[in-house]
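Add chain B to chain A, keeping to what the hints say.
This is what each chain is made of:
There are 2 protein chains.
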Amino acid sequence: MGIETPFVAVDGIVMLYDRNEAFKGIVLIERKNPPLGIALPGGFVDIGESCESALVREMKEEISLDVEIIRLLGVYSDPKRDPRFHTVSAVYICKAYGEPKAADDAKKCFVYPPDEIPMEKLVFDHAKIIKDFMATRYQST
Amino acid sequence: MGIETPFVAVDGIVMLYDRNEAFKGIVLIERKNPPLGIALPGGFVDIGESCESALVREMKEEISLDVEIIRLLGVYSDPKRDPRFHTVSAVYICKAYGEPKAADDAKKCFVYPPDEIPMEKLVFDHAKIIKDFMATRYQST
Numbered sequence: 001m002g003i004e005t006p007f008v009a010v011d012g013i014v015m016l017y018d019r020n021e022a023f024k025g026i027v028l029i030e031r032k033n034p035p036l037g038i039a040l041p042g043g044f045v046d047i048g049e050s051c052e053s054a055l056v057r058e059m060k061e062e063i064s065l066d067v068e069i070i071r072l073l074g075v076y077s078d079p080k081r082d083p084r085f086h087t088v089s090a091v092y093i094c095k096a097y098g099e100p101k102a103a104d105d106a107k108k109c110f111v112y113p114p115d116e117i118p119m120e121k122l123v124f125d126h127a128k129i130i131k132d133f134m135a136t137r138y139q140s141t
Numbered sequence: 001m002g003i004e005t006p007f008v009a010v011d012g013i014v015m016l017y018d019r020n021e022a023f024k025g026i027v028l029i030e031r032k033n034p035p036l037g038i039a040l041p042g043g044f045v046d047i048g049e050s051c052e053s054a055l056v057r058e059m060k061e062e063i064s065l066d067v068e069i070i071r072l073l074g075v076y077s078d079p080k081r082d083p084r085f086h087t088v089s090a091v092y093i094c095k096a097y098g099e100p101k102a103a104d105d106a107k108k109c110f111v112y113p114p115d116e117i118p119m120e121k122l123v124f125d126h127a128k129i130i131k132d133f134m135a136t137r138y139q140s141t
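Chains as they are written, first to last, in full-length UniProt numbering: chain A, 1 to 141; chain B, 1 to 141.
With the rest of the complex left out, here is chain A:
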């Protein structure tokens, strides 16, 4: 067919709550593979699965949490956002309970209150994504 487009990925802003519905923070990972650094959990969408299914699967694989998608935050598609190749990411805000455990592409998991996130250590355009989330968070989630 000759069609070539960027890769499609999904990333999750996972808002972690305790059983009393108290907000604990956002789940971030330390990446096992280059580019090394701190990132939102996420991964590529498989052919044959929706972005929402890919998001739920990737969150289970990387941080061992069952997430509920709240809403789409945005689509991030700057050709330079991923240093490896051109990736378009659909970013979803979601909610989860429990303890994240790193697995698959994640070496470690962290839970950061939004204002304590080490923005300078974030890879890709994830600092921008988190800023966008912070700017819209109190409007509609």
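Because the hints were derived from the structure by calculation, they are not lab data.
You may find that some hints are simply not true.
One copy or any two copies: either way a pair holds, since identical chains are not told apart in the list.
Unchecked claim - Calculated cross-link-like contacts (lysine-lysine; reagent style DSS-like; alpha-carbon spacing at most 30 Å):
1. 80 x 107
2. 80 x 24
3. 108 x 32
Then chain B, alone, in the frame of chain A:
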């Protein structure tokens, strides 16, 4: 690299206005290529361009309009939404002035007031997309 993901496309809900800022309707096209039928204008994202750039380019190519993007409506990624292969589409609401002229993959252009759109003739999941647009239109555009 072994990564295979769905194709990435963009579609536009182009709200057409006259010079007095009166809303005329939504621009739809009759497709030149299969699947034949009525559709939102749109197309594939090239490697190296953002979704927003692809949207502006495709609207210029297919309906000969310079559009201003208002906001992202959503990401549509059901594996069955495109009968040809799996395509993930980022759909943007935009605004334009002037007269649409069909070109490239579009055989004809139409401007329909939203409540006169022939929903049964729409291909892909474009009827669902337009319903989603109608449901959110009066909230935030």
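Evaluated hints:
For the homomeric pair residue 80 and residue 107, the shortest alpha-carbon distance inside one copy (25 Å) is at most 30 Å, but the shortest distance between copies (35 Å) is not. Proximity of residue 80 to residue 24 under the C-alpha cut-off of 30 Å is found in neither arrangement, the shortest distances being 32 Å within a copy and 38 Å between copies. Taking the shortest alpha-carbon separations for residue 108 and residue 32, only the intra-copy value of 8 Å comes in at or below 30 Å, while the best inter-copy value is 51 Å.
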